[in-house]
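Just so you know, the sequences run in chain order S and X.
The numbering of the first sequence is our numbering, which starts it at 1 and goes up by one.
The numbering of the second sequence is our numbering, which starts it at 298 and goes up by one.
Certain hints may be false.
Unchecked claim - Here are some, though not all, of the chain S residues that point toward chain X, as calculated from beta-carbon distances under 8 Å:
1) Glu62
2) Pro63
3) Phe72
4) Arg75
5) Trp79
6) Leu103
7) Pro131
8) Leu133
9) Ala219
10) Asp225
Just so you know, the hints here were simulated from the structure itself, not pulled from any lab data.
From the three backbone atoms N, C-alpha and C, an ideal C-beta is built for every residue, glycine too.
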Amino acid sequence: MNTSTEPANTLDGDIAALKVLATDYNAGHRLIDKCTWPEGKRMAVNFTADFDAMLLRRLLNEPPMQLAKGEFGGRVGIWRLVELFDSHDVKATIFTPGRICELYPQGVKAASRSGHEIADHMWEHRVPKEPELERDHLRKARAAIEKLVGRRPVGTRSRHTRHLLLDEGYIYSSEDSPDHRPHYLCQPDGTRPLLNLPFHYVIDDAMFFSFAWLNSENAAQRMMDPEHVEEIWWAAFLQQYREGGYLNIVLHPFVSGRALRIAMLDRLIARMKALPGVWFPTCEQVARHLLIVHPAY
Amino acid sequence: MPWKDNYTISDEKSLTDTDVSWPDQRRCCFRVVVDLSPPSGPDGIKPADLATPDAYYGMHGGLDALCAVLKRYRIKATFAVPATIAEIYAGKIRALPDEGHEIAAHGFKHEDVSRLDRNEEQVRLVRTTEIITSVAGSRPAGWFSLPRQSDKFAGGAVSAATMDLLIDGGYAYFGNGLADDAPHYWVSDFPSRRAILALPYYYHFDDQFFLLFPRKGTGLENPNSLFRNWKAELDAQHMRGRHFSMVLHPYAIAWPNRLHLLEQFLDHAAHLPDLWNATSVECARHWTATFPAATHLKLEASIWRDYPGSLS
Chain S
1 MNTSTEPANT
11 LDGDIAALKV
21 LATDYNAGHR
31 LIDKCTWPEG
41 KRMAVNFTAD
51 FDAMLLRRLL
61 NEPPMQLAKG
71 EFGGRVGIWR
81 LVELFDSHDV
91 KATIFTPGRI
101 CELYPQGVKA
111 ASRSGHEIAD
121 HMWEHRVPKE
131 PELERDHLRK
141 ARAAIEKLVG
151 RRPVGTRSRH
161 TRHLLLDEGY
171 IYSSEDSPDH
181 RPHYLCQPDG
191 TRPLLNLPFH
201 YVIDDAMFFS
211 FAWLNSENAA
221 QRMMDPEHVE
231 EIWWAAFLQQ
241 YREGGYLNIV
251 LHPFVSGRAL
261 RIAMLDRLIA
271 RMKALPGVWF
281 PTCEQVARHL
291 LIVHPAY
Chain X
298 MPWKDNYTIS
308 DEKSLTDTDV
318 SWPDQRRCCF
328 RVVVDLSPPS
338 GPDGIKPADL
348 ATPDAYYGMH
358 GGLDALCAVL
368 KRYRIKATFA
378 VPATIAEIYA
388 GKIRALPDEG
398 HEIAAHGFKH
408 EDVSRLDRNE
418 EQVRLVRTTE
428 IITSVAGSRP
438 AGWFSLPRQS
448 DKFAGGAVSA
458 ATMDLLIDGG
468 YAYFGNGLAD
478 DAPHYWVSDF
488 PSRRAILALP
498 YYYHFDDQFF
508 LLFPRKGTGL
518 ENPNSLFRNW
528 KAELDAQHMR
538 GRHFSMVLHP
548 YAIAWPNRLH
558 LLEQFLDHAA
568 HLPDLWNATS
578 VECARHWTAT
588 FPAATHLKLE
598 ASIWRDYPGS
608 LS
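Bound conformation, chain S alone:
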């Protein structure tokens, strides 16, 4: 027996296994190389708000003051964001956990009445591992939203299973950043595509303003001021504006609903609007447009 080839074979096997995995994963992405926007529009900006208020804090069993911090989003933040968007004629997408419809029905209804999209953000801000319970949660969230605003959600910000989302009639997701361009997530052979409208964590208010976000340590906290973040976001917008691209701005009512940040967003939107051809639609509008103009196949 030639023992010297065994480790080499093992290494080759490792490479082959990794290669299969990477190839499969990579093949599950179909990018839209260059988005074509509706007549007269140069770029699309989606303002999106994750309206979980205290729900995620409760899910993580955080202490009472953390819950109160989240409660700000329901009592105050959502109302200010809706008022801000309305004053600029911006149509936003509010990713709303089903349970929030029971905790803040007035706020969700007000957002919907103003023409903002109410989309799925899970039933209680988690995706159960058990397939039956996952389906149950997705359906509960849909039912809660539909009952409250009279229209079912067609988009989601979640890691719900793609097949399940497609089976349940969802037309897009808005999650994570495998590319800055809108793209399709699909099987390696290109089937079962779901449009994804990506966001980057740098264009996410909580990253800068929410203490201990994503379980970060105290030494990692930077209590940024609004001007600092405004410049980062403005630069990101301007770069995409030049390219005729896409930007998804992620807000949380309990974070961006604070008065100093509403003032910043007011300035930021005014600066964007001063340039010709910026489109401020809901995610659903972007999705319906792209599904027609740039279908998966």
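For chain S, the structure is supplied; the task is to place chain X on it using the hints.
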């Protein structure tokens, strides 16, 4: 509000900007809170926490310098004082009300009360009230539970019993609420609508999270962010006609170069028309008289249903 135990502390919707009003047609309430607790851990002030240069500076040179600035700008502040500090520095604490400042309680020793059982929390609360009353010369109307630099969350800690005990203890307000940026009611019991007024706090306006945070050695000194947060919030709240509050720690903010930052901010504030500088108790009295819970706390029964496989 569709009430939900362990989720919500108040009603569904805040008072709108136009509904908020302040005495004498003033536009915006302006509150300064000074935390006299030295840096400590969740057990509260230990002997070793008092024998530090920071603790010394915070109650001597730092406190004197900060008080001089407040006096120069004619600012009345609320001093959040742990009972132990009130005992140790009785002379200094007693002098503060003569300058128009308010003395409020800040725990027995700024401990994390969520680690105590209800009985122990009550015993400490009663004793704290007695000590502050005897040192300050009048009963404290307010109770604070402010965060520390080393806390995992920057909101301060309360237990499930805290609000109930504060109401029993005759307190008029709780000093650091996070659910609103105007005063709001913290409901301790939904069926009886038992509630206490909570005054707003937000860590972005608290100096300790910007000045060598979270500790020496990091070099994480961000005075510009602190200044810009204060200014952006004050300007926005002034525009809305609502409320602004900031929290200061003498051991941190009173160091000369930092104190200059505060002076620049107070200069800015002094030029805003119709700002109402109130102590916390003045703010609380105005609020409970103008927007009493009986008419302004709008609680609705829960529409929540429990399901298997879901949070309850």
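### Query
Given Trp79/S was flagged as interface, is its beta-carbon under 8 Å from a beta-carbon of chain X?
At 7 Å from the nearest chain X Cβ, Trp79/S passes the 8 Å test, so the hint holds.
### Query
Measuring from the C-beta of Arg75/S to each C-beta in chain X, is the shortest one below 8 Å?
Where the cut-off is 8 Å and the nearest Cβ of chain X is about 4 Å from Arg75/S, the hint holds.
#### Entry: Phe72/S as chain X interface residue, shortest Cβ-Cβ below 8 Å
This hint holds: Phe72/S lies near chain X, its Cβ roughly 5 Å from the closest one there, short of 8 Å.
#### Entry: Proposed interface contact between Glu62/S and chain X, which counts if any beta carbon pair is under 8 Å
With a closest approach of 7 Å, the Glu62/S hint holds.
### Task
Classify the hint on Asp225/S as holds or violated, based on whether any CB of chain X lies nearer than 8 Å to its CB.
holds (4 Å)
### Task
Would you settle whether the hint for Pro63/S is holds or violated, based on the nearest Cβ-Cβ distance to chain X being less than 8 Å?
Cβ of Pro63/S sits 6 Å from chain X, so the hint holds.
### Query
Holds or violated: is the Cβ of Pro131/S closer than 8 Å to a Cβ in chain X?
Check failed: Cβ of Pro131/S comes no nearer than 12 Å to chain X, outside 8 Å.
### Message
Just to be careful: measuring from the Cβ of Leu103/S to every Cβ in chain X, is the smallest value less than 8 Å?
### Response
Status holds, d = 6 Å.
### Query
Hint check: is the beta carbon of Leu133/S less than 8 Å from a beta carbon of chain X?
holds (5 Å)
### Query
Would the hint on Ala219/S stand, with a C-beta cut-off of 8 Å toward chain X?
Where the cut-off is 8 Å and the nearest Cβ of chain X is about 6 Å from Ala219/S, the hint holds.
Hint violations for this structure: number 7 only, all remaining hints satisfied.
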